[in-house]
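K.L.:
Just need the whole structure built from these sequences, with the hints factored in.
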Amino acid sequence: MLEIRNLHVSIADQEIIKGLNLKVKAGEVHSIMGPNGSGKSTLAQVLAGRASYVVTEGEIIFEGKDLLELAPEERACEGIFMAFQYPVEIPGVANTYLLREALNSIRKYRGLEPLKHVEFARLAKEKMGIMGMADNLLKRSVNEGFSGGEKKKNEIFQMQILEPKLAILDETDSGLDIDALKVVADGVNALRSPERAFVIITHYQRLLDYIVPDFVHVLVDGRILKSGGKELAFELEDRGYGWVEEEARKAVNN
Amino acid sequence: MSIDLEKLAEQEYKYGFFTDIEQEIAPKGLGEDTIRLISSKKQEPEWLLEWRLKAYRHWLTMKEPRWAHVSFPPIDYQNISYYAAPKVKVGPKSLDEIDPEIRKTYEKLGIPLDEQMMLAGVAVDAVFDSVSVITTFKEKLAEVGVIFCSISDAVREHPALVKKYLGFVVPQNDNFYAALNSAVFTDGSFVYIPKGVRCPMELSTYFRINAESTGQFERTLIIAEEGSYVSYLEGCTAPKRDENQLHAAVVELIAHKDATIKYSTIQNWYPGNAEGEGGIYNFVTKRGRCVGRNSHISWTQVETGSAITWKYPSCILEGDGSVGEFYSVALTNRRQQADTGTKMIHIGKNTSSTIVSKGISAGHGQNTYRGLVQIGKDASGARNYTQCDSMLIGDKCGAHTFPYIEVKNSTAQMEHEASTSKIGEDQIFYCQQRGLSAENAVSLIVNGFCKEVFKELPFEFAIEAEKLLSISLEGSVG
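Quick note, the sequences are listed as chains A and B, same order. Heads up: the first sequence begins at 5 in the numbering used here, then just goes up one per residue. Heads up: the second sequence begins at 2 in the numbering used here, then just goes up one per residue.
These aren't lab readings, by the way, just hints derived from the structure by calculation. Just so you know, not all the hints are guaranteed correct.
To be verified - Which chain B residues stay away from chain A? Per the calculated CB distances, all over 12 Å, these:
no., residue
1, E25
2, K42
3, E65
4, K105
5, F138
6, G146
7, D321
8, I348
9, R384
10, Q428
11, N441
12, A442
13, I446
14, E453
15, K456
Unchecked claim - Straight line, CA to CA, 25 Å or less: simulated SDA-like cross-link-like pairs of lysine to any residue:
no., chain 1, residue 1, chain 2, residue 2
16, B, K468, A, K155
17, B, K468, A, Y113
18, A, K120, B, L470
19, B, K452, A, A16
20, B, K468, A, Y90
21, B, K397, A, A16
22, B, K468, A, H121
23, B, K423, A, S151
24, A, K120, B, N441
25, A, K143, B, G425
26, A, K155, B, A463
27, A, K112, B, E467
28, B, K456, A, L142
29, A, K120, B, E426
30, B, K452, A, K169
31, B, K456, A, A16
32, B, K397, A, K120
33, A, K169, B, N441
34, A, K155, B, K423
35, A, K120, B, T355
36, A, K143, B, K456
37, A, K120, B, G382
38, B, K456, A, I15
39, B, K452, A, E105
40, B, K452, A, I15
Remember, predicted model here, so these are calculated numbers, not experimental data. Heads up, the beta-carbon is just placed ideally off N, CA and C, and yes, glycines get one too.
P.N.:
This is the structure we're talking about:
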């Protein structure tokens with residue numbers, strides 16, 4: 005589904021990602037872990053198409069298409085969704101309005117008829133239930149006055165409505181209490197399917213107790229230094245990231 | 002950033018076509034002869050001619066105001082034609098008598114004049130250059146005593162009312178453009194709502210400038226008697242031309258005791274091209290007097306067109322407990338300039354006013370809010386709330402705010418909130434990530450920004466306003 009080859013990314017002339025390789029197949033859940041400033045969020049932004057991040061080398065192929073050639077909205081329409089680390093507020097625009105516009109824009113791209121108001125309302129109500137969100141969050145302006153937890157739930161709620169092929173969660177667990185974390189994880193797990201893949205970016209192993217990944221990758225200084233199964237996350241939790249760097253250095257020296 | 006916020010593309014002005022019909026156009030130039038010509042064309046009584054001439058003589062002593070934050074070359078008032086009319090009988094009795102070309106024009110503008118086609122039950126007065134071509138639903142309105150007709154017809158059919166109220170709010174010598182209008186005004190709408198009547202439908206006037214090198218000087222007069230209610234809407238368009246055309250209107254509203262007038266404007270005059278050539282100079286005086294106790298005047302405007310807008314719909318709150326409101330969205334794209342706002346003059350006790358202004362600047366647009374809130378010494382218990390927000394799209398445009406507040410009574414309560422924001426690239430990216438194009442994202446965000454104002458518009462027009470805003474923003478993101 006997704007293949008990243010030798011990716012180099014700079015922002016304001018500073019190289020952040022320095023030759024990253026990653027393959028994600030449909031149905032898989034990959035977790036990207038790493039210390040602050042290692043390039044985790046940069047990777048998410050680049051996948052979503054943020055233009056201030058400049059790809060200097062390498063390629064990203066998504067479902068056979070050159071992702072870097074596509075505008076952010078085209079990527080969304082192709083099935084890429086990013087749950088933002090800091091969801092923005094859009095005053096005066098109802099949550100439900102943005103989402104209906106978004107869904108219908110994606111449907112149009114795929115040659116489908118727009119959903120009628122009633123159909124959309126039914127869909128939204130169903131998904132709100134799953135996320136345990138209050139009805140009034142639909143009518144309120146996008147993220148305006150939402151608590152941290154509500155914002156993150158809203159991201160996952162949007163993901164449920166848009167049903168992406170590839171979902172990227174950028175530190176969705178940060179700032180969540182344990183109850184909210186469980187709701188978010190349930191929301192994600194409900195969407196797991198053989199056709200869908202997840203890239204979950206996180207600092208902590210905590211989220212992975214609830215969303216069990218197939219692969220864990222350790223990103224340090226713009227490169228993936230180590231990959232493994234879910235047990236790697238536990239090891240990182242115990243030992244930190246230092247030993248991974250140490251191991252990598254030794255490997256280079258040998 | 003894949004969105005080039007600075008790129009300005011020439012947007013298509015949808016209403017820029019010209020209707021080729023036989024017209025009667027007065028020779029260019031302005032003098033007492035011109036005024037006599039207009040007055041005789043309209044078969045006006047002597048008093049009105051004298052009223053016009055008085056205005057003209059005063060105008061000659063006045064200077065163009067230059068305090069607004071707009072710039073334009075001097076206007077040659079002798080190079081304008083002050084009267085243009087389609088060559089048909091003035092005031093056709095039925096729809097069949099309207100020139101089919103004019104009818105087509107209004108159809109193209111989305112204003113069907115055919116009464117059967119009017120779904121929403123909106124009565125329309127259609128003003129084409131200098132004359133009103135038709136007023137629909139006249140008879141139906143007459144059943145409840147509402148008078149809705151062109152001001153020319155009103156002069157003939159209801160002279161006492163016109164004589165009493167013309168200049169009642171905006172005197173002939175009020176300001177340069179109002180004086181000019183008083184001298185040469187050609188047509189416009191007249192509305193009279195009798196005591197206790199709630200006008201059964203929306204009234205609307207559609208102004209169309211068609212002829213070249215002419216000015217449009219319309220005059221609208223709305224009188225709401227005790228306990229009555231009326232909602233009125235005006236729309237405006239003009240063909241695309243390289244030259245600037247002058248539109249200097251005067252609108253006067255009079256609300257008696259317990260009466261309410263809601264006046265909405267969707268102004269979409271041709272704004273000129275990307276280089277700033279052509280477009281309408283929209284120099285307009287709009288003012289209402291709340292003369293009676295608990296009377297209420299509400300202005301809502303959506304200003305997206307015109308090369309230059311100079312306009313301050315105001316309320317004079319004389320009656321105790323009277324209420325004035327001003328809700329405004331002004332958008333300047335390309336090289337448009339707008340200096341707009343309001344005046345709320347509190348004279349009566351316990352009067353209150355609300356001002357919500359949303360200015361949006363894109364391209365090289367310059368957008369100014371200018372407002373005056375004045376609390377007179379006897380206006381005890383007066384209240385004002387002002388909210389004034391500006392949004393910038395790109396970095397070549399400007400937003401300016403000049404709020405004036407004068408309080409002479411210590412019991413007054415004033416609130417003023419203002420904000421300036423740049424449309425966030427984060428917001429645009431967020432919407433794009435959800436599948437919307439950058440352009441749709443901008444229009445979504447801007448419409449959200451304007452929501453408080455749009456909700457004041459009659460429903461159908463609110464939708465129209467949203468669409469218009471999106472079209473006007475086209476080309477503001479590349």
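K.L.:
Hint by hint, note whether the structure agrees.
P.N.:
Do the hints match the structure? See the list:
1. E25: Fine: 48 Å to the nearest Cβ keeps B/E25 off the interface.
2. K42: 48 Å, holds
3. E65: Check passes; 38 Å lies beyond 12 Å.
4. K105: 32 Å, holds
5. F138: 32 Å, holds
6. G146: Non-interface label stands for B/G146: nearest chain A Cβ at 40 Å, farther than 12 Å.
7. D321: 35 Å, holds
8. I348: 34 Å, holds
9. R384: Holds, since 25 Å exceeds 12 Å.
10. Q428: 5 Å, violated
11. N441: Since the minimum Cβ distance to chain A is about 7 Å, B/N441 lies within 12 Å and the statement is violated.
12. A442: Violated: least Cβ distance 8 Å, not greater than 12 Å.
13. I446: 6 Å, violated
14. E453: 7 Å, violated
15. K456: Given that some Cβ of chain A is not farther than 12 Å from that of B/K456, nearest at about 10 Å, it is violated.
16. B/K468 - A/K155: 29 Å, violated
17. B/K468 - A/Y113: 21 Å, holds
18. A/K120 - B/L470: The given pair, whose Cα atoms are some 24 Å apart, holds under the 25 Å limit.
19. B/K452 - A/A16: 37 Å, violated
20. B/K468 - A/Y90: Violated: B/K468 and A/Y90 sit about 30 Å apart, past 25 Å.
21. B/K397 - A/A16: Between B/K397 and A/A16 the Cα gap is close to 23 Å, so the pair holds against 25 Å.
22. B/K468 - A/H121: 19 Å, holds
23. B/K423 - A/S151: The given pair, whose Cα atoms are some 24 Å apart, holds under the 25 Å limit.
24. A/K120 - B/N441: 19 Å, holds
25. A/K143 - B/G425: Between A/K143 and B/G425 the Cα gap is close to 22 Å, so the pair holds against 25 Å.
26. A/K155 - B/A463: 30 Å, violated
27. A/K112 - B/E467: 21 Å, holds
28. B/K456 - A/L142: With Cα atoms ~19 Å apart, B/K456 and A/L142 stay inside 25 Å; holds.
29. A/K120 - B/E426: 30 Å, violated
30. B/K452 - A/K169: With a Cα-Cα distance of about 34 Å, the restraint between B/K452 and A/K169 is violated, given a limit of 25 Å.
31. B/K456 - A/A16: The given pair, whose Cα atoms are some 43 Å apart, is violated under the 25 Å limit.
32. B/K397 - A/K120: With Cα atoms ~40 Å apart, B/K397 and A/K120 exceed 25 Å; violated.
33. A/K169 - B/N441: This hinted pair holds, its Cα atoms lying about 23 Å apart.
34. A/K155 - B/K423: With Cα atoms ~23 Å apart, A/K155 and B/K423 stay inside 25 Å; holds.
35. A/K120 - B/T355: Distance of about 37 Å is beyond 25 Å: violated.
36. A/K143 - B/K456: 15 Å, holds
37. A/K120 - B/G382: Distance ~50 Å between A/K120 and B/G382 Cα, so the pair is violated.
38. B/K456 - A/I15: 42 Å, violated
39. B/K452 - A/E105: It holds: about 17 Å lies between the C-alpha atoms, which stays within 25 Å.
40. B/K452 - A/I15: Violated - the C-alpha atoms of A/I15 and B/K452 are around 36 Å apart, more than 25 Å.
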